[in-house]
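Colleague: Heads up: the protein sequence lines correspond to chains A and B, in order.
Read in the numbering used here, the first sequence has 17 at position 17, and its numbers run on one by one without any break.
Throughout, the numbering used here is defined as the position within the second sequence, counted from one, plus 1000.
If you're looking for bench data, these hints aren't it; they were derived computationally from the structure.
We put the beta carbon where it would ideally sit given N, CA and C, even for glycine.
One should not assume that every hint holds.
Ranges between beta-carbon positions, derived for each pair [claimed, not checked]: (1) B:K1112 <-> A:T39: 28 to 38 Å; (2) B:R1158 <-> A:S104: 36 to 46 Å; (3) A:S44 <-> B:I1018: 41 to 51 Å; (4) B:V1053 <-> A:L14: 20 to 30 Å; (5) B:P1085 <-> A:S55: 51 to 61 Å; (6) B:R1144 <-> A:F78: 57 to 67 Å; (7) A:G124 <-> B:P1085: 56 to 66 Å; (8) A:I58 <-> B:P1085: 54 to 64 Å.
Now the stretches of chain A that chain B is said to cover, found in silico as 3 or more residues with beta-carbon under 8 Å [unchecked claim]: (9) 30-37; (10) 52-65.
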Amino acid sequence: MKNMTDCKRYLASLWFSGSGLLFFIILAQSILGRYGDRTHEAWSWFLPTIMPTLSVIIGVLVMDAIGKGINIDEINSFLFKLSFGISFCYLFAVLLVILLQPFSSLYPFTVMSLSSLWLDPLQGLVAAAMSAFFVQSAAPAKNSKHKVSGI
Amino acid sequence: MVDELRLAGYNQFKYHSIPDGFALVTQLEEINKNGSRKIRYSERRTMLIEPDVSNFHGYIKLLLHGKQWFYRLNLFIVNTHIITPTTTKVSYEQAADWFGQGSLNLPYEIKKQPYSNHYQCTALVYEFEKLDIKPEAYIKFSPRLSASTHLKQADLKRLF
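Construct the complete structure from the given sequences, taking the supplied hints into account.
Modeller: Printed below as a string of structure tokens:
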């Protein structure tokens, strides 16, 4: 059984590595003129797909860093695995939108627009799973071994 | 001229009447970036030929630069007038109309006239580029290669 800190780090690693990979691919495409004068549209699609969850993760990490985070010794491993699994699927789906462009007969902005069909529900699931995972640590439970660091 | 065009693989062309002469226009053809003709175009396919993604280098190139298609239309003007180039841009639709609205045969009145030293033949080459990020703008005018290079790549250099 992993502790809360490890789980947060695993989730943060997944999100930062996945988002970083996507960021640098789109950055390279932008610099090389792949989107022409519609570069801002590509970023307008990309940033909302990752920023909300990244902001939450950074917020949690910052709270931990300044000693105001909530830690518990035993976490619900199912919730962690669920959050991790859905996050992985979501990031992989975002990555496919970019990586499959050369094989698609559709225009890239058409694919980006269409991707909301599958990314929006997935993003909702990610948000729900992440919320459930982080809320469990904040919720007082009977017989739980709370250890609130920094207090 | 027609024989040379056929020899070079241009089987479809149309004629237009112009003052004291005629204009011959070839069908819009898809070309490679260096101006050479797409091989499969000779099969008269109207669909866009998808770029090659069969190797890693080709895939990365398409991922980072996107898909590009190039088209060419040759216009040969035969008359006694001096042709002065202008900076007026021709849209893809206009160029397509030149071929679509031309006649299949040269009018008899023009055909029966002798080809004397007063006549001169001028080749105008129009090149267009299509990007996969601009479906609505479709094609932009982009003179990357010289007319001489185009004629050479189209196997029409013997005409001049």
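Colleague: Does each hint fit the structure? Answer for all of them.
Modeller: Each hint tested on the structure:
1. Here the CB-CB span from K1112 (chain B) to T39 (chain A) is close to 58 Å, at odds with the stated 28 to 38 Å.
2. A beta carbon spacing of about 41 Å between R1158 (chain B) and S104 (chain A) agrees with the range 36 to 46 Å that was offered as a hint.
3. For S44 (chain A) and I1018 (chain B), the hinted distance range of 41 to 51 Å is satisfied, since their beta carbons lie about 49 Å from each other.
4. Hint check: V1053 (chain B) to L14 (chain A), Cβ distance near 29 Å, so the stated range 20 to 30 Å holds.
5. In this structure the hint that P1085 (chain B) and S55 (chain A) lie 51 to 61 Å apart at CB holds, the actual value being about 57 Å.
6. In this structure the hint that R1144 (chain B) and F78 (chain A) lie 57 to 67 Å apart at CB holds, the actual value being about 59 Å.
7. A C-beta distance of roughly 59 Å is found between G124 (chain A) and P1085 (chain B), which places it inside the suggested range of 56 to 66 Å.
8. In this structure the hint that I58 (chain A) and P1085 (chain B) lie 54 to 64 Å apart at CB holds, the actual value being about 59 Å.
9. Residue count for the stretch 30-37 of chain A with a Cβ under 8 Å from a Cβ of chain B: 5. That meets the three needed, and the coverage hint holds.
10. Closer than 8 Å: that is the beta-carbon criterion, and the stretch 52-65 of chain A has 0 residues meeting it against chain B, so the requirement of 3 is violated.
Consistency with the previously given hints fails for numbers 1 and 10, ordered from lowest to highest.
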